[in-house]
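Enquirer: Below, each chain spelled out in residue letters.
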Amino acid sequence: MAQRAAKDYRGSIKPIWCPGCGHYGILSAIYQGFSNLNLNPSEVVVVSGIGCSGRLPGYLRTYGFHGVHGRALPLATGVKIANPKLTVLVAGGDGDSYSIGAGHIPHAARRNADLTYIVMNNGVYSLTKGQHSPTSSPQLLSKQTQLRPLQDALNPIAFAVACDVSFVARGYSHARNELADLIIQAIQHKGFALIDVLSPCPTFNRVQTSDFYRNNIVPIASNHDAADKFQAFIWANETGKIPVGIFYKVRKPTLQERLEERRIQSGREEMSMRNLFEKFY
Amino acid sequence: MAQRAAKDYRGSIKPIWCPGCGHYGILSAIYQGFSNLNLNPSEVVVVSGIGCSGRLPGYLRTYGFHGVHGRALPLATGVKIANPKLTVLVAGGDGDSYSIGAGHIPHAARRNADLTYIVMNNGVYSLTKGQHSPTSSPQLLSKQTQLRPLQDALNPIAFAVACDVSFVARGYSHARNELADLIIQAIQHKGFALIDVLSPCPTFNRVQTSDFYRNNIVPIASNHDAADKFQAFIWANETGKIPVGIFYKVRKPTLQERLEERRIQSGREEMSMRNLFEKFY
Amino acid sequence: MPKTDFVVRIGGDTAKDPGIITTGEIITHAAAQSGLHIYTFKTFPAEIKGGQALFQVRIADYILLSQGDAVDVLVVFSREAYELNAPDLAEDAILIYDSGNFQPEPVTNRIDYGVPLAEIAQNQVGSLLSKNIVAIGVLTAILGIPREVMAKTIGEQFGARGRAIVETNLKALDAGIDYVNQNKIKPADYIFQPITPLPKLVLDGNEAVSLGAIVAGMKVFAGYPITPASDILHFMQRELPKFGGDALQTEDEISAISLAIGASFAGKKSMTATSGPGFSLMVESINLAAMAEIPLVIVDVQRGGASTGMPTKMAQGDLNIALYGVHNESPRIVIGLTSVEDSFYGIIRAFNLAEIYQTPVVVLSDQYLAPRKATINEPDLEEIEIIDRMIPSKEQLKNYRRYKITASGISPMAIPGIENGAYIAEGIEHNEMSAPAYTPQIHAEMTRKRFKKLETLTSSIYVDEFVRRYGHEYPEIGIIGWGSSEGVIREAVSKAEIKGGKVAALHPKLLNPLPVKHIMEFVRPLRRIIVPEANYTGQFAALLRDRCGINPIQLNKDVGLPFTPGEILAKIEEVAETL
Amino acid sequence: MPKTDFVVRIGGDTAKDPGIITTGEIITHAAAQSGLHIYTFKTFPAEIKGGQALFQVRIADYILLSQGDAVDVLVVFSREAYELNAPDLAEDAILIYDSGNFQPEPVTNRIDYGVPLAEIAQNQVGSLLSKNIVAIGVLTAILGIPREVMAKTIGEQFGARGRAIVETNLKALDAGIDYVNQNKIKPADYIFQPITPLPKLVLDGNEAVSLGAIVAGMKVFAGYPITPASDILHFMQRELPKFGGDALQTEDEISAISLAIGASFAGKKSMTATSGPGFSLMVESINLAAMAEIPLVIVDVQRGGASTGMPTKMAQGDLNIALYGVHNESPRIVIGLTSVEDSFYGIIRAFNLAEIYQTPVVVLSDQYLAPRKATINEPDLEEIEIIDRMIPSKEQLKNYRRYKITASGISPMAIPGIENGAYIAEGIEHNEMSAPAYTPQIHAEMTRKRFKKLETLTSSIYVDEFVRRYGHEYPEIGIIGWGSSEGVIREAVSKAEIKGGKVAALHPKLLNPLPVKHIMEFVRPLRRIIVPEANYTGQFAALLRDRCGINPIQLNKDVGLPFTPGEILAKIEEVAETL
Ligand SMILES: Cc1ncc(C[n+]2csc(CCOP(=O)(O)OP(=O)(O)O)c2C)c(N)n1
Ligand SMILES: Cc1ncc(C[n+]2csc(CCOP(=O)(O)OP(=O)(O)O)c2C)c(N)n1
Ligand code: SF4
Ligand code: SF4
Ligand SMILES: [Mg+2]
Ligand SMILES: [Mg+2]
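Residue numbers (this note's numbering), protein chains in the order written: chain U, 1 to 281; chain P, 1 to 281; chain R, 1 to 579; chain A, 1 to 579.
Only chain U is shown next, with the shape it has when bound in the complex:
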């Protein structure tokens, strides 16, 4: 099969995102990453929740699942279990992933299914028009109330590292090539990979803007040892500039490997329904 171009992954629906939305950059980086890996669109599934972010699968030519709010991760885990040959990408918003869906992350980490989770983090609930999300800046006045967040922000990278997510990275939607590169590495990583992607929402977030990110993003130090959890945690808690890159990366048995081992241990070969019935004689 000849190398597929980025445009070969583009779906037939035109995105309805606002002009300047960071989510466009993520979409392009995904096209680019898929093209680089020359994935067969029929063997890729993109799973999402609800939000502006949730619309992502519709803009690809791959299979997709646009599920309910906050449940993309377990849905995607089911897809991967059913057919481990598929490349499974999961997309969530910061509300979808870190608020209503937060409880699934530690357990996805514990299972370590071979999934690539892209959190399209714009620091706000966009589809519902501007409420605070767990990653909203303390400065963000919500569109409807003109109030600042009542609650402290969550640090998703520290959270993921503490959960022992086996690949933890941060990207920026407007740094498309670097992001595509992270996506490629995440897909190639065996196990559960989470990329928190800073994705400005010009419509509802006037604080975490592209201007802000342009001045505040720095690549993670090139000598950072991603195998070192403590270093990763320290980088995750960096409060000055915002580091992007791979924070943490370890190889643990994937869910597939665990399940395969169970199957082998259970002695699959000899089993027939009759054998099972006999246990109940």
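Read the hints as simulated data drawn from the structure, not as lab findings.
These numbers were taken from a predicted model, which means no experiment stands behind them.
Misleading hints may appear alongside valid ones.
Taking lysine to aspartate or glutamate pairs in the EDC-like style, the calculated list, with each CA pair at most 20 Å apart, reads [stated by the list, open to error]:
{"id": "1", "chain 1": "R", "residue 1": "K3", "chain 2": "R", "residue 2": "E80"}
{"id": "2", "chain 1": "R", "residue 1": "K394", "chain 2": "R", "residue 2": "E455"}
{"id": "3", "chain 1": "U", "residue 1": "K85", "chain 2": "A", "residue 2": "E419"}
{"id": "4", "chain 1": "P", "residue 1": "K279", "chain 2": "R", "residue 2": "D380"}
{"id": "5", "chain 1": "R", "residue 1": "K517", "chain 2": "A", "residue 2": "D546"}
{"id": "6", "chain 1": "U", "residue 1": "K252", "chain 2": "P", "residue 2": "E238"}
{"id": "7", "chain 1": "P", "residue 1": "K279", "chain 2": "R", "residue 2": "E378"}
{"id": "8", "chain 1": "A", "residue 1": "K499", "chain 2": "A", "residue 2": "E419"}
Computed spacing ranges between beta-carbons, pair by pair [what the hints assert, rightly or not]:
{"id": "9", "chain 1": "R", "residue 1": "G144", "chain 2": "P", "residue 2": "E261", "range": "45 to 53 Å"}
{"id": "10", "chain 1": "A", "residue 1": "I111", "chain 2": "P", "residue 2": "I13", "range": "38 to 46 Å"}
{"id": "11", "chain 1": "A", "residue 1": "N556", "chain 2": "R", "residue 2": "I405", "range": "17 to 25 Å"}
{"id": "12", "chain 1": "R", "residue 1": "E167", "chain 2": "P", "residue 2": "K85", "range": "49 to 57 Å"}
{"id": "13", "chain 1": "R", "residue 1": "P18", "chain 2": "P", "residue 2": "K279", "range": "20 to 28 Å"}
{"id": "14", "chain 1": "R", "residue 1": "E148", "chain 2": "P", "residue 2": "K85", "range": "32 to 40 Å"}
{"id": "15", "chain 1": "P", "residue 1": "N216", "chain 2": "A", "residue 2": "P106", "range": "58 to 66 Å"}
{"id": "16", "chain 1": "A", "residue 1": "N551", "chain 2": "R", "residue 2": "I405", "range": "53 to 61 Å"}
{"id": "17", "chain 1": "P", "residue 1": "N216", "chain 2": "R", "residue 2": "E419", "range": "39 to 47 Å"}
{"id": "18", "chain 1": "P", "residue 1": "E261", "chain 2": "R", "residue 2": "E148", "range": "36 to 44 Å"}
{"id": "19", "chain 1": "R", "residue 1": "P18", "chain 2": "P", "residue 2": "E261", "range": "46 to 54 Å"}
{"id": "20", "chain 1": "R", "residue 1": "E465", "chain 2": "A", "residue 2": "I386", "range": "40 to 48 Å"}
No residue lacks a Cβ here, since even glycine has one placed at the ideal position from N, Cα and C.
Once you have looked at the hints, place chains P, R and A with the ligands on chain U.
Expert: Just chains P, R and A with the ligands now, with coordinates in the frame of chain U:
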């Protein structure tokens, strides 16, 4: 009011826990802690979920709420908001708190309501008779399947530190005085305190037993600086012996303080219903 | 004779023609401030930007019951919007269109006013964005709205954004008015005549619910954003702290309802508000509240489609889950809000019932009612009855039993802090002392106790407040509706009566326990019963078949839009033919 | 004439008399291995340790339909257990009690055998814990069970725990037998006569469901522990990997059902199993599966009480949430399992329907059915029809439309990996190409398409399989039941017939879409209709009123226990009086 004795907190129902259950130790430590603080039982609320652990409130003479599985934390938050004068203790099992309830922890941390959360961690689902929990030992054969856990264990202390829970400690149910002391400190702490209490279940957990803990528990180093998040994280990830004590402690605005500030900012004083109606003329 | 009741609609693409909704709101407010009655209707695209939306307002000098049937004045900026909205035009309607952009095919009996709206905005006002306000100017002139009225409303609308913005918009207003005058466009046959304004509030359904909840004494609100319920959360975040209360956006709906339950247990009236998907997540905890006997109000602003469905569209689809979304069985009161005014008083009744019966009350609103604006008379706070839960007396606290079995099913509820009242709120089956207990006898007694509360309500004085009857005294055809279609049905019934039909309508606002006695009385003389619902299967009709043993003619409309009076009337006439 | 049908019960405190359940299971297995039919019934305390439990087994040489009405042989170790269970004794019952512990008041017509069970265990066997097995020895001798049969069963039961344990228990068995022989206790009037054993399986309801699911081709199971459904999860964890499948315990029920939906979307038949509280958490995602048209089987093992309620008690309380637990409206098939055998075949039918109609199927079991054991003939795998979903043909893939509108409502479903089949499984309203779309027309068409599937099922050949009729050919009284009460009702009907009653029963196993035609045919000749249900409000009766326009006599039992044949019979006789 004269000092209340531990027994003054004992309820009229006799616990139905098995002989040797670690949960007894936690209950006594709570009696002891309450007595030490001389709390008025009518001004204390103990909130729990479902599990052997969930039965705890029934064994106290205070107010209580035995809610549904996994939701003790938001229930308790509501109690505290409604009446900040109450001392609110929350009790969960390891399944209740870290499995179905895991998603509420980061957000409880973000709100920092003044609650004391005691996780009665026996490394197993006891009430449902022996399934693996997120904190089961990799060695634990589940009662019903005789299988080891499929998923890696969660590190609750590291998890809590990464979520920036403002007081993070580990106790041991059979070290009753030390535990009572932790509970006292947690109640006195202004903000959300989580104590993970190792509590052996002799009926369903033959690995994380009192014998095991007796040999493996060590107090956290006395020079540990609980204000230092990185140190706390390193201690949390200790893989040799199991440190008990306070890992992390910071002072952040409590939910009550945040809400009070909102009320002040909003100019409560002048408000009448008529004023509000006028906005809609 | 000039009409004193007419419908104005603005339609367009929210990306290409921003400000559709604002334009509609300005006209609405101008009307309301002139003492006229209004009834608005909007549709939104699901997209954040782009997609066709419309804002419509019916204006009259008497109380309005529906959005009306057809559009009398339509303002459109593009051919697409024209084509989408033209089918809804009344005969003799006025069409105002941007003649710089397209030219509609002429239609007999329609009055077309082409105005180069964008051009005027660009060239005379210097801001293309103000083309909506130019259109408002055109409307102001054509409808004969006093300029001062409109100028005042524009001032209020844009005031917060600074003087310069207000000036620009006033310039746009005048440009529109001037265009009409210069081109000698003939004024419309509608009357927009300011009348002596009573103190009236202009509210949408969500605002009415929010104000009512505060009046009812709610002190804790917890919610999670979801269309079309989010505005209740925003309202509470802004306003509740002023009344000493607290509003929180939680991490999800399960947390929201749990928080509300905890707060109510601790003595504060509490509420949450959501829409279908969030309501689904709450059913486990609603059941807990019923079992532990905690007062609680849950507002479900229904929206279209199953699952994520059609968030910005209208449906009356959650009656079933409101009634039956519970594993096993526990008592739950269900109320259907019927109008903006009823949203205010209905939520107060909901709190009262929650407090009296110590059980969850589900209040159904919907995407038609929640965002639409109407004028209501300022409520007389002295007249409103606010009821609080029964707490135990000193005597009762001597040997306190939280779940004491009583004739009414209601037992006094201690609040943490009360000495000698300590008890465990319990979701497990329990005895009077709140200790877990599973014997057949205790379960039977406790189930009876809990359900007894609904019987007590059914035979109480409160039920009458929840039933409205309209129309003919000796009807042959009866309409039984629920929820937000009340006004539309009422309007259809009066139209039918004018035409000589023997038609009446009953509108129970209490859906559980259902006022069966009232319904049976109503249906006795009827020859035909029609039940209109904005859903596919006919959930209310099923409830009536089950509880009342009647078999109504179903009129179901499940396309994301509310009924119009004409649709109901047509059905009445169709059914009358069969008599 | 010696009885060939009798009930043995062991009752006691699970803390003080450990092994109650094991004892019962040993007797059950001995009977089953002798080719006899069995029907067990257990109750558990909610506590982990302590509290009264009972295990009861009915044994006969013909197929059994219920747990029976009264107890023929009771074994108890303490006065407390004696007092709790004595009211359930039949006339002429045998009571075996630990005479070293207490002395019951003598009762006429009861045969009391006092045996110092604990003493024998302690002194002769050297292990107090083996007092249960001593009791089994007593039973073995009194009932005339061949010693080898019992010895073999004991060997199997304790084999895994080592030779020494087996030896101790055999010694206890013999001590019990010896005691009877030495004291010349007269044998009972019951026959326990081994008959030529057919290959039969001894299964409980949860095991039957689990085996059926594997036979149906299920490859992914996800669940979260909850009483009384957990054993399905355990079964799957142990056995499913052997068939190339995967079973997972997830972090909660929402994750479990999401995982199952994802797996089914990706082409594997999937299932989850839970009980009421977990089911409540799943309703949002069931709705998603219906909207996105994903085949899915959800087993709900119902339990007692609302909220956490009574986890170890029986109820048929989740019919409402199974039918109506959905915001807005989406199609859902609901099946009620009726017996252990039906659990096996019923779950296979559930998978077939899920696959054919690409929609969720809710299967209702309960705490009465799930843990009780029965013998069933070994299923003939050749005879069982297994149906897989329709996937698109090459031709259909040329211009593939996942949600194509068809006459049946069913559209071919592509599976990831199939070239040219790529589509988005969509929970938002969508067009045929799975693109989000909200126009009134598309929503109307798509809603009709989805619900059309239920109509297609109603008019299919499958419905007949789901309806069972028993009893008189020309009945005057009819019973319509659902779920696990089938056997009990059937037994009551035959008893009534023997007494000359004109009684018949209809048992629809398909609860949605309800086989209305069959029900209407059944009720036509009836003068009275009785609907027995183990719940408080009468959920099935309400469904029948709604869908069939009939108004049955409700027989509700909501105390955590199943009906007995005698209770049904008494109601039949009471109603017959009114004829
Ligand atoms: C159960 C449920 N609750 C709430 C909603 C409403 N809702 C839709 S999207 C969304 C949040 C969107 O924010 P985020 O996940 O950050 O995505 P974004 O729109 O910012 O890309 C919410 C709360 C829903 N659809 N379902
Ligand atoms: C929604 C829901 N799911 C499942 C259950 C069943 N359940 C009861 S307790 C429990 C777990 C108990 O484990 P843990 O929280 O560790 O408490 P422990 O019994 O070990 O103290 C489960 C799964 C339930 N009651 N509700
Ligand atoms: S609202 Fe924000 S996130 Fe949504 S499409 Fe527009 S810019 Fe993007
Ligand atoms: S099962 Fe375990 S946790 Fe539960 S009461 Fe017994 S020892 Fe304690
Ligand atoms: Mg966002
Ligand atoms: Mg536990």
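Enquirer: Evaluate each hint against the coordinates.
Expert: A quick look at each hint next to the structure:
For the given pair, K3/R sits about 29 Å from E80/R by alpha-carbon distance, which is inconsistent with the 20 Å threshold. Restraint check for K394/R and E455/R: the C-alpha separation of about 28 Å exceeds 20 Å, so the hint is violated. The hinted pair formed by K85/U and E419/A meets the criterion: a straight-line CA distance of about 14 Å does not exceed 20 Å. This hinted pair checks out: K279/P and D380/R have alpha carbons roughly 16 Å apart, not beyond 20 Å.
For the hint linking K517/R to D546/A, the alpha-carbon distance of about 18 Å falls within 20 Å, and the restraint holds. Distance restraint check for K252/U and E238/P: the Cα-Cα separation of roughly 19 Å lies within the 20 Å cut-off, and the hinted pair is therefore satisfied. Between K279/P and E378/R the CA atoms are separated by roughly 12 Å; this keeps the pair inside 20 Å, and the hint holds. The hinted pair formed by K499/A and E419/A fails the criterion: a straight-line CA distance of about 66 Å is larger than 20 Å.
For the pair G144/R and E261/P, the beta carbons lie near 50 Å from each other, so the given range of 45 to 53 Å is met. For the pair I111/A and I13/P, the beta carbons lie near 40 Å from each other, so the given range of 38 to 46 Å is met. For N556/A paired with I405/R, a C-beta distance near 19 Å keeps the hint of 17 to 25 Å intact. Our hint of 49 to 57 Å for E167/R and K85/P holds, since their Cβ atoms are close to 53 Å apart.
At roughly 25 Å, the beta-carbon separation of P18/R and K279/P lies within the given 20 to 28 Å, and the hint holds. At about 54 Å, the beta-carbon gap between E148/R and K85/P misses the expected band of 32 to 40 Å. The hinted window of 58 to 66 Å between N216/P and P106/A holds, with their beta carbons roughly 59 Å apart. For N551/A paired with I405/R, a C-beta distance near 31 Å fails the hint of 53 to 61 Å.
Distance hint for N216/P and E419/R: a CB-CB separation of about 45 Å, consistent with the stated range 39 to 47 Å. Here the CB-CB span from E261/P to E148/R is close to 42 Å, well matched to the stated 36 to 44 Å. Checked against the hint of 46 to 54 Å, the C-beta distance between P18/R and E261/P comes to roughly 36 Å, which is inconsistent with it. At roughly 58 Å, the beta-carbon separation of E465/R and I386/A lies outside the given 40 to 48 Å, and the hint is violated.
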